[in-house]
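Same order as they appear, the protein sequences are chains A and B.
Counting from 1, position 109 in the first sequence corresponds to residue 164 in the numbering used here; the numbering is continuous, with no gaps.
Counting from 1, position 94 in the second sequence corresponds to residue 182 in the numbering used here; the numbering is continuous, with no gaps.
Among the hints, a few may not be true.
[As the list claims (entries may be wrong)] Label pairs and their in silico Cβ distance ranges:
| # | chain 1 | residue 1 | chain 2 | residue 2 | range |
| --- | --- | --- | --- | --- | --- |
| 1 | B | 157 | A | 116 | 31 to 41 Å |
| 2 | B | 156 | A | 113 | 34 to 44 Å |
| 3 | A | 180 | B | 137 | 41 to 51 Å |
| 4 | A | 160 | B | 98 | 16 to 26 Å |
| 5 | B | 151 | A | 101 | 18 to 28 Å |
[Claimed, not checked] Some but not every residue of chain B turned toward chain A, in silico, with C-beta under 7 Å:
| # | residue |
| --- | --- |
| 6 | 127 |
| 7 | 152 |
| 8 | 161 |
| 9 | 170 |
| 10 | 173 |
| 11 | 184 |
| 12 | 188 |
[Claimed, not checked] Derived lysine-lysine pairs resembling DSSO-like cross-links, with alpha carbons at most 30 Å apart:
| # | chain 1 | residue 1 | chain 2 | residue 2 |
| --- | --- | --- | --- | --- |
| 13 | B | 131 | A | 90 |
| 14 | B | 131 | A | 165 |
| 15 | A | 159 | B | 185 |
| 16 | A | 159 | A | 89 |
| 17 | A | 93 | B | 170 |
Calculated from the structure, these hints are not laboratory results.
Predicted, not measured: the structure shown is a model, and the values here were computed from it.
Note that the Cβ used here is the ideal one computed from N, Cα and C, for glycine as well.
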Amino acid sequence: MLIPLFAILLINSSCIYVPTPAFGLISQRGAINKKIIKSLKQGETTREDLLLLVGEPDENYDQNRYFIYEWEASEALVAVPGGGDAVAKKHYFCVEFDEDNRIKRFVHIKSGLFKNTNDAQNELYKWMFGSNQ
Amino acid sequence: MFYYRTIRCLIASFCLLYTLIATISCAPQREVIDEHVTIERFKFLHDGKTDKQEIIDQLGLPPSTYENRRIFIYYWRGEESKVYHVVLVFNEDNILKRHSVVRVR
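This is chain A alone, in the form it adopts within the complex (with noise of 0.2 Å):
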């Protein structure tokens, strides 16, 4: 039953989007992988301890408060009737910074086949701010 749905739905599509592990860095710096992540603590992670560990960030905010580490990576491949190509996904990685340089929060936004980058940008601003900028 699946396979005669799959197949309908290769032939009827124009293109075949087929998701990948990241494989190419496209712009800005290198990525910040999940075990860097994984070890950031609220409240006890500080601003001196994210520069050691990932350098500078690509843009910042009220006085430091808020660091933006970004970075693009093709993630997917699609492929279309003569030809394909890779889709890059834009990563912003935001980190919020208390009145003692500890981290207060953080998330990882990125965009993808149903989140375009201006829908990324927009939900980064909607963290940082509580609302589109």
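Start from chain A and add chain B according to the hints.
What follows is chain B alone, placed relative to chain A:
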């Protein structure tokens, strides 16, 4: 029959491609470089010993600072266009407390 074979072949090809990519590749990551294989230029840095003025004399003023100049960051472009951030943290006496060399690209 031919129809099913084509579909099976397509699915198998995708699975093979996926496995191949999962096995042999990954996106470049940020990583802290081992101190012992650190770039020659930064080998004079010793935690608890080197002072801020000595670092400024050797490397010049840092392009980026944090927390009231308690943290210095220098950028370094190495071989094969690899880019590093050299992060230096000082104590109250302006002596190097901790440092790291992070490969960012």
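So, going through the hints one by one against the coordinates:
1. B:157 - A:116: 31 to 41 Å: With Cβ atoms ~20 Å apart, the hint is violated.
2. B:156 - A:113: 34 to 44 Å: violated, 22 Å
3. A:180 - B:137: 41 to 51 Å: With a Cβ separation near 44 Å, residue 180 of chain A and residue 137 of chain B satisfy 41 to 51 Å, so the hint holds.
4. A:160 - B:98: 16 to 26 Å: Given a distance of about 44 Å, which is not inside 16 to 26 Å, the answer is violated.
5. B:151 - A:101: 18 to 28 Å: The hinted range 18 to 28 Å holds for residue 151 of chain B and residue 101 of chain A, with Cβ atoms some 22 Å apart.
6. 127: Violated. Min distance 14 Å.
7. 152: Cβ of residue 152 of chain B sits 6 Å from chain A, so the hint holds.
8. 161: Because about 5 Å separates residue 161 of chain B from the closest Cβ in chain A, which is inside the 7 Å limit, the hint holds.
9. 170: violated, 10 Å
10. 173: holds, 3 Å
11. 184: violated, 12 Å
12. 188: holds, 4 Å
13. B:131 - A:90: holds, 28 Å
14. B:131 - A:165: With a Cα-Cα distance of about 38 Å, the restraint between residue 131 of chain B and residue 165 of chain A is violated, given a limit of 30 Å.
15. A:159 - B:185: It holds: about 24 Å lies between the C-alpha atoms, which stays within 30 Å.
16. A:159 - A:89: Holds, at roughly 18 Å.
17. A:93 - B:170: Between residue 93 of chain A and residue 170 of chain B the Cα gap is close to 26 Å, so the pair holds against 30 Å.
In summary, the structure is inconsistent with hints 1, 2, 4, 6, 9, 11, 14 from the numbered list given earlier, while agreeing with the others.
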